[in-house]
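Chemist: Those protein sequences? They're chains A, B and C, same order as listed.
Using our numbering, the first residue of the first sequence is number 1, and each one after it goes up by one.
Using our numbering, the first residue of the second sequence is number 1, and each one after it goes up by one.
Using our numbering, the first residue of the third sequence is number 1, and each one after it goes up by one.
Worth double-checking, as some hints may not be accurate.
[What the hints assert, rightly or not] Just some of the chain C residues that point at chain B, by a computed CB distance under 8 angstroms:
id	residue
1	Ala35
2	Arg40
3	Cys55
4	Gly58
[As the list claims (entries may be wrong)] Short, incomplete list of chain C residues facing chain B, as computed with Cβ under 10 angstroms:
id	residue
5	Met1
6	Phe16
7	Leu34
[As the list claims (entries may be wrong)] A short list of chain C residues far from chain A (calculated; beta carbon distances all over 10 angstroms):
id	residue
8	Gln70
9	Ala71
10	Leu77
None of these hints come from the bench; they were simulated from the model.
Positions of the beta carbon are idealized from the N, C-alpha and C atoms, including for glycine.
Chain by chain, the residues:
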Amino acid sequence: MTATDAIVIGGGIHGCCTAINLALRGMRPIVLEKNTVGRHASGVNAGGVRQLMRHTAEVPLSIAAMDKWERLDDLLGPELAKNCEFIGGVGQIGIAESEAEMEWCRARVAEMRSLGYEFEEVIDAAELRRLVPAAADICRGGIISRRDGHANPFRTTQSFRSRAEQLGVRVMERTRVTGLEKGDGGWTVATDNGAFKADVVVNCGGAWAWQVAAMVGEHFPKTHFASTLMVTSRMPHFIDPVVIGIDRVLSFKQTEAGTVVIGGGILGDPDLDAETADTVADRMVVSAQTVYEFFPILRRATIVRSWAGLEALMPDVIPVIGPSRVAPNLWHAFGFSGHGFQLGPIVGSVIADLVADGKCAIPIAAFSPTRFTLDGKLPSPAH
Amino acid sequence: MTDATRPNCELAIVGGGPAGMAAAALAAELGVETVLFDEQPTPGGQVYRNIEANSRTRDALRDILGADYAKGLALAEHFRSSGAVYEPLSAVWQVSAGGKLGVSQNGKAYLTKARRVILATGAMERPFPIPGWTLPGVMGAGAAQTLMKASGVVPDRPTIVAGSGPLAYLVAFQLMKAGTPLNGIIDTSEKSVFGAGLAAIPLLSGFAGDLFKGLSWIAALRKMRVPILKGRKLAAEGVSRVEAVSFESGGRRQRLPASILLLHEGVIPNNQITASLRCKHVWDMAQMAWRPHTDEWGATSLDLVAVAGDGAGIGGSRAAVHRGRLAALDAACRLGRISRGERDERARPERRALQREAPFRTFLDRIYRPAEAVRRPLEDTVVCRCEEVTAGELRALVGEGFTDINQLKSFSRCGMGQCQGRMCGSTVAGILAESLATDMESVGYYRLRLPVKPLPVALLAELGNADSGSRPSLQVVEGDPSQRI
Amino acid sequence: MFRRLWTDDLPTTIFFDGRAVRCRPGDSVAAALLAAGVERFRTTPVSGAARIPYCMIGNCFDCLVEIDGQADRQACLVPVAEGMQVRSQSGTGRFDTI
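Using the sequences and the hints given, assemble the complete structure.
Modeler: Shown next, in the form of structure tokens:
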């Protein structure tokens with residue numbers, strides 16, 4: 001039995017970042033990862049670092065995360081920060097191709113202003129063309145967050161892991177949690193690679209987090225999904241911002257290597273038990289058509305690979321961040337519903353604040369586990 | 001070519017080599033509606049490449065290629081007359097577990113759903129990573145043979161064949177007959193046909209002919225004074241193209257000039273599709289290659305998919321015919337054309353023929369172990385040709401704590417290029433297994449997903465027969481783009 | 001580097017970077033270019049190194065060229081056709097076609 005003060009379940013970006021922040025507060029966390037670090041959503045997502053068009057409840061967290069992204073050196077040190085391949089300030093743009101979409105953009109920006117957020121702006125066709133010369137004539141303008149950008153998700157997650165290890169964190173891969181029990185002396189975490197004892201457990205289990213919670217009789221929605229990405233061969237550099245659709249299925253960016261990553265929520269076929277997912281050609285057609293229409297120069301680009309990452313999905317598409325409803329010293333951070341990567345540098349810090357001080361400066365009430373019923377349902381909002 | 005965008009077919013066969021042709025011919029004769037998708041323009045696969053045209057004309061080429069090649073014509077003719085539909089120049093870029101094939105042909109892509117699939121994708125030359133193997137002028141020995149068969153094109157500058165395996169000597173022999181100036185053969189095999197291989201001789205009654213053929217190629221090459229040298233630690237040297245090959249022989253470093261260097265270390269199953277299907281695979285210790293796990297009919301771990309021929313483990317072209325027929329019999333049975341009894345009855349002669357082939361294969365596997373460079377490439381060797389990642393870089397990553405082949409891929413980009421890992425997958429797995437002192441099965445292989453051949457965006461955008469009822473994406477909260485995933 | 005065993009009938013003409021290349025129906029683009037002495041099909045996007053075909057059977061992707069405006073075609077798998085415009089690819093390619 002290995003004893004320590006904190007166990008983090010899940011070696012994704014949130015698990016690794018939580019471990020970093022707990023270590024910075026003088027704890028000696030151990031990260032237990034059933035596969036390898038960054039195997040699922042953290043390592044294989046599209047790498048978007050996006051504040052644009054977020055759920056309003058997530059905005060304070062997202063802004064705090066962006067501050068961290070812009071100062072990755074402070075968190076990771078210069079070498080690991082460089083490895084993340086973070087490119088900020090290129091902007092993310094939601095492209096509108098109809099007046100209805102333009103109208104939605106204007107309303108969205110007005111709503112954000114009313115909440116005190118200035119970072120989203122409506123742009124017209126001329127500004128869009130200036131930022132994205134390759135955009136087709138059908139693109140009428142859109143909505144932009146100029147601070148946004150992208151990073152290499154796998155490398156970023158590895159950098160977080162390496163930073164954690166520099167701070168003395170043990171990251172144990174191929175170590176699957178099989179049981180979680182609260183005793184007098186704290187938590188006992190059973191795994192297929194030995195048992196662990198700890199005062200605090202943090203559940204960053206991604207698509208499998210509900211299974212961890214269920215070990216202590218706490219229930220969450222079991223929903224998960226596999227988001228598909230396809231990638232082209234390396235191409236000449238032609239676009240800086242990340243582009244997403246408003247009503248259309250599209251997310252689109254060119255990586256440092258020159259490949260173009262195309263996604264936007266195309267569903268793959270998840271296989272939760274085999275812990276993988278297959279991609280489905282039929283569903284990729286719409287994305288290819290959208291790319292084709294928005295960026296005619298990509299007609300003759302070739303798609304060389306596709307993949308789909310497994311991720312937890314909450315019915316209200318916002319994460320679960322907060323204390324367990326049934327047991328003290330168990331904390332949850334999962335359910336990012338396909339857009340958790342940008343929050344990667346901040347959530348771990350929030351959790352460390354909660355663990356150490358029982359509170360944090362950023363409003364997170366909307367993410368409370370208490371919004372679910374004890375049997376894991378989300379009550380319909382009162383009308 | 002008939003209806004090029006058929007939405008359905010009963011039996012889809014991928015690959016037009018001996019296994020695919022034999023499977024298609026028999027299945028069609030048993031009444032199964034059979035479509036054979038072939039990447040090549042004419043049937044024959046690589047072993048009988050261009051067999052129809054070369055049989056009608058080109059007597060001189062037939063003489064160079066020999067009697068074994070000529071035997072392919074009967075197979076091709078049988079296939080052509082069987083009633084099976086032939087779809088040439090068709091790239092199969094996906095096969096799904098549900099039997100859906102993605103096919104590109106003639107500038108169009110479409111899906112077709114098959115009730116059963118036989119993959120007869122054959123073999124490819126085992127990647128032989130040595131320093132300089134990316135230089136122009138370094139090619140597979142099989143590539144040179146393909147050029148000869150398909151177009152009557154041969155090297156006409158000083159050429160060296162290096163490696164091991166029967167095909168290396170056969171290609172050298174054929175090129176010599178075609179007039180290619182051979183500067184030498186560098187044999188990398190660790191055992192000698194005349195040494196350790198002798199232990200297998202008792203297994204070989206009935207294969208005197210094969211053995212004799214191999215020895216006769218060597219004798220003919222010696223007679224023409226082509227130097228045959230033992231060598232290891234090969235390197236292709238040159239600046240903008242290969243100029244020489246250096247190697248260790250007799251305890252010292254030697255160097256031979258060469259404008260063309262033909263490498264060969266045997267062949268391995270072409271398992272890109274079965275890997276993308278997540279079929280169960282096994283690491284074949286004798287052949288040092290991955291192969292899909294198959295039953296006695298070639299059926300994989302998936303219900304709808306079988307593999308026939310070298311794609312299921314190297315057995316050679318003669319065995320491929322019988323393996324193709326076994327897969328066809330099983331398909332006909334599963335599709336209700338013949339009873340299990342009839343399937344089993346008809347399978348007997350095929351199995352007897354396969355049993356006769358087995359000992360020679362064992363012998364070949366035993367004497368032609370791949371060279372050390374295949375298992376342990378030198379540090380500065382480019383392992384991933386597409387993304388130009390070296391063995392040393394990969395070993396350094398393992399030293400930093402990476403333990404999974406897909407981590408190496410995600411971090412270094414090895415296997416992410418256009419070839420989708422075909423040219424580096426087995427080498428990278430080998431480097432990882434050796435560095436971790438573990439076995440290949442623990443290391444596994446790249447996770448592959450569609451497309452297994454690159455697919456232009458325009459073709460995907462206009463994909464034929466796509467299921468439009470298939471929900472393309474997740475719209476969690478209708479009408480509110482900010483509630484997005 | 002390579003020669004044809006027969007040069008009697010080469011009725012087809014394709015163009016490689018504008019240069020006429022005589023070849024025979026049934027040739028792959030790769031075979032036609034090698035027989036015509038082409039020593040650079042493409043350069044790699046990483047180091048810019050020149051490549052010619054390695055495997056000739058569709059596995060290595062070193063023979064990638066642009067054919068009739070479509071980049072990344074495997075020259076070893078595409079049969080020649082009269083008047084076909086083939087261009088070498090350099091690095092990540094170029095934008096007037098892709």
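Chemist: Look at each hint and say if it fits the structure.
Modeler: Hint check:
| no. | hint | result |
| --- | --- | --- |
| 1 | Ala35 | 5 angstroms, holds |
| 2 | Arg40 | 7 angstroms, holds |
| 3 | Cys55 | 5 angstroms, holds |
| 4 | Gly58 | 6 angstroms, holds |
| 5 | Met1 | 5 angstroms, holds |
| 6 | Phe16 | 15 angstroms, violated |
| 7 | Leu34 | 6 angstroms, holds |
| 8 | Gln70 | 5 angstroms, violated |
| 9 | Ala71 | 6 angstroms, violated |
| 10 | Leu77 | 14 angstroms, holds |
The structure fails hints 6, 8 and 9 (numbered hints given earlier, in ascending order).
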